[in-house]
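Following the hints, put chain B in place on chain A, whose structure we already have.
Here the protein sequences come in this chain order: A and B.
Heads up, the first sequence is in the numbering used here, so the first residue is 20 and it goes up one at a time.
Heads up, the second sequence is in the numbering used here, so the first residue is 91 and it goes up one at a time.
If you're looking for bench data, these hints aren't it; they were derived computationally from the structure.
Treat the hints with caution; some may be incorrect.
Looking from chain B toward chain A, a few residues come up when the C-beta cut is under 7 Å (computed) [to be verified]:
{"#": "1", "residue": "170"}
{"#": "2", "residue": "196"}
{"#": "3", "residue": "199"}
{"#": "4", "residue": "200"}
{"#": "5", "residue": "204"}
{"#": "6", "residue": "210"}
{"#": "7", "residue": "214"}
{"#": "8", "residue": "224"}
{"#": "9", "residue": "227"}
Quick look at which bits of chain A chain B covers, simulated, 3 or more residues with Cβ under 8 Å [unchecked claim]:
{"#": "10", "stretch": "132 to 140"}
{"#": "11", "stretch": "150 to 164"}
Small disclaimer: the values here were computed from a predicted structure and weren't measured.
Ideal Cβ positions, reconstructed from N, Cα and C, are used throughout, including at glycine.
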Amino acid sequence: MSPELINLIIQATGESLFMVSTAALVATSLGLPLGIFLATSRKGELFAAPSVNAILGVVVNATRSTPFIILVVAIIPFTRLVAGTSIGSGAAIVPLTVAATPFIARLVEAAIREVDGGLIETASSFGATPLQIVFKVLIPEALPGLVLALTLAVVSLLGYSAMVGAVGGGGLGDLGIRYGYQRFMPEMMLAVVVVLIVLVQTVQTVGDHLARRLNRRLRHR
Amino acid sequence: MNAHPSIAEPIRPAEPALPEGLIAEPMVRFERLSKTYPAYRDKPAVEALKDVDFAIARGAITGVIGRSGAGKSSLVRLINGLEKPTTGRVIVDGRDISALRGQPLRLAQRSIGMIFQHFNLLSSRTAADNIALPLEVAGWSKADIRTRVAELLELVDIADKHDRYPSELSGGQKQRIGIARALATRPNVLLSDEATSALDPQTTRAILDLLANINRELGVTIILITHEMSVVRQLAKEVVVIDDGRVVERGHVADIFTHPKHATTQTFLAEVLGDAVPVSLASRLVQQPAPLGQAVIRVQVRGSHAGDTLVARLARELSVDVALLAARIDEIGGQPVGSLILGVPGGEAAARQTLAYLSQHQFAAERLGYVS
Chain A
20 MSPELINLII QATGESLFMV STAALVATSL GLPLGIFLAT SRKGELFAAP SVNAILGVVV
80 NATRSTPFII LVVAIIPFTR LVAGTSIGSG AAIVPLTVAA TPFIARLVEA AIREVDGGLI
140 ETASSFGATP LQIVFKVLIP EALPGLVLAL TLAVVSLLGY SAMVGAVGGG GLGDLGIRYG
200 YQRFMPEMML AVVVVLIVLV QTVQTVGDHL ARRLNRRLRH R
Chain B
91 MNAHPSIAEP IRPAEPALPE GLIAEPMVRF ERLSKTYPAY RDKPAVEALK DVDFAIARGA
151 ITGVIGRSGA GKSSLVRLIN GLEKPTTGRV IVDGRDISAL RGQPLRLAQR SIGMIFQHFN
211 LLSSRTAADN IALPLEVAGW SKADIRTRVA ELLELVDIAD KHDRYPSELS GGQKQRIGIA
271 RALATRPNVL LSDEATSALD PQTTRAILDL LANINRELGV TIILITHEMS VVRQLAKEVV
331 VIDDGRVVER GHVADIFTHP KHATTQTFLA EVLGDAVPVS LASRLVQQPA PLGQAVIRVQ
391 VRGSHAGDTL VARLARELSV DVALLAARID EIGGQPVGSL ILGVPGGEAA ARQTLAYLSQ
451 HQFAAERLGY VS
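Next comes chain A alone, as it looks inside the complex (with noise of 0.2 Å):
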């Protein structure tokens, strides 16, 4: 493989996880509030709001629902107001965003409702304000499990910065397509293909370990 390719190889994957580290982290600082949320909000919860729970649960599922592809292409007004184009790696993470966030948001609400409810109770007993409870119980008995949510949603977002290539995203996606099947080059692909693997095996490594380091100190000797 030529210097060049190689060079396009560095360049793609930079702006992969430009594109990955950046949505991962507005989506968490997005989803992680509207998660903990939709854990507390039910009927006789610790934030109590049934109907914004039920309209929020609906806008949740009707974005996971739709496929990212579709989503890229329907949300092209409202990117190019966020981000002033649709084209490039810097636009693209307006449609990753909003496709992780709803899906940071459903793992993070899952995590918290993990947490033992007696818990919450306990803490109340004691005239614990709900954010005191949010921020002192839910979160840190949570915390294992929200890493492991996150490194789902960073590997999901790896496999959707490969899909806005198709639209103009930049990335190691938009490299796999136009030099590995365009112009027929499969070294390029099989390139692509394994930049991606080591990527995902990555984060899922250090995200496993991460949270079963803390689940050892937590659960176990």
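Just chain B, lined up with the frame of chain A:
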């Protein structure tokens, strides 16, 4: 003859009554309280508590005993304001906790500690940090928290477990942390919601001893919610029996359990005492009198030392060679409670004579059968 206390004359408690002033201002007072959980979806409405009206003495240990579903949990949750009564009020330490909301309620809750059946410790925090949690919530400084936590670990006797996580501790140790956490903000009341139900008998005893010490040394009023008679018997001075959302009996432990009136109280008592009939004897019992055999009679002993000389008196006054086949006497609130199983030889006449003698002297007795 009248030297023996009878059912008509309740026995005075052995321990002195609380000073007048303390009775006048109870720690917790339920005023015409009822709690109904409204119907939800396909579940019908549940009347958890009905017209509950009683007070819990300051500085004492009071047991609240009832079957699961009797309304015990609702009662504790009303005391610490986690739930609101449907009608009536709950006055805790002179304050109407059922009327408080938001920050005033949270402040009031700091003077009410609570311990739980499943300990409810945070798995992500060490022993010390678990105890620190209510202090952090109350906004204590780091230095004050450190001093207080060290004190509390000492108090519950697990100072060496400071840096351990709950997963590394035994049930008894976890409950000690739970107790330390409940006492952290120096509450006046400690609510124990089935706190020993998940522990083995030996650990239960140790935890109950610890609670007794805390009551004695810190003067904290303790309210023990339990379905276990043995817990009430070991620790409480006063007992409240609830059944199906109502208070069916209450008073000094000794009075209530030497002369149980309500069926629920009687079954609780039977659980502790058993029926006193050994298996080997039960297997030999027949319903037909056997020649040269004995009639088997069970005599209930309730309070005082009435049973002490019974066998001797029967022998002397009726000239019957009464055999003591089995006996089970326990102490509840300083009073002997239990039953004697007597074997009476001499055929039907002697048996009837013995039963007549017993009933004349106010002993509850029944014929279980015969052995040859």
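Hint validity - residue 196 (chain B) Cβ closer than 7 Å to any chain A Cβ | It holds, given that the least Cβ distance between residue 196 (chain B) and chain A is near 4 Å, below 7 Å.
Holds or violated: residue 224 (chain B) as interface residue toward chain A, Cβ cutoff 7 Å?
-> Holds. Min distance 4 Å.
Per the CB criterion, is residue 170 (chain B) less than 7 Å away from chain A?
-> This hint holds: residue 170 (chain B) lies near chain A, its Cβ roughly 5 Å from the closest one there, short of 7 Å.
Under 7 Å, Cβ to Cβ, is where residue 204 (chain B) needs to be relative to chain A, so tell me if that hint holds or is violated.
-> 5 Å, holds
Three residues minimum, CB to CB under 8 Å: does the stretch 150 to 164 of chain A make the cut for coverage by chain B? Let me know.
-> holds (count 6)
Given residue 199 (chain B) as an interface hint, is the shortest Cβ-Cβ distance to chain A below 7 Å?
-> 4 Å, holds
Given hint residue 210 (chain B) near chain A, where the shortest CB pair must fall under 7 Å = Given a least distance of 4 Å, the restraint on residue 210 (chain B) holds.
Proposed interface contact between residue 227 (chain B) and chain A, which counts if any beta carbon pair is under 7 Å = 5 Å, holds
Would the stated hint for residue 214 (chain B) survive a check requiring a Cβ distance to chain A of less than 7 Å?
-> 4 Å, holds
Coverage claim, chain B over the stretch 132 to 140 of chain A, checked by counting residues with Cβ within 8 Å (three needed) | holds (count 4)
With chain A as the partner, please determine if residue 200 (chain B) meets the hint condition of a C-beta pair closer than 7 Å.
-> 5 Å, holds
Checked against the numbered hints listed earlier, the structure breaks none of them; every hint is satisfied.
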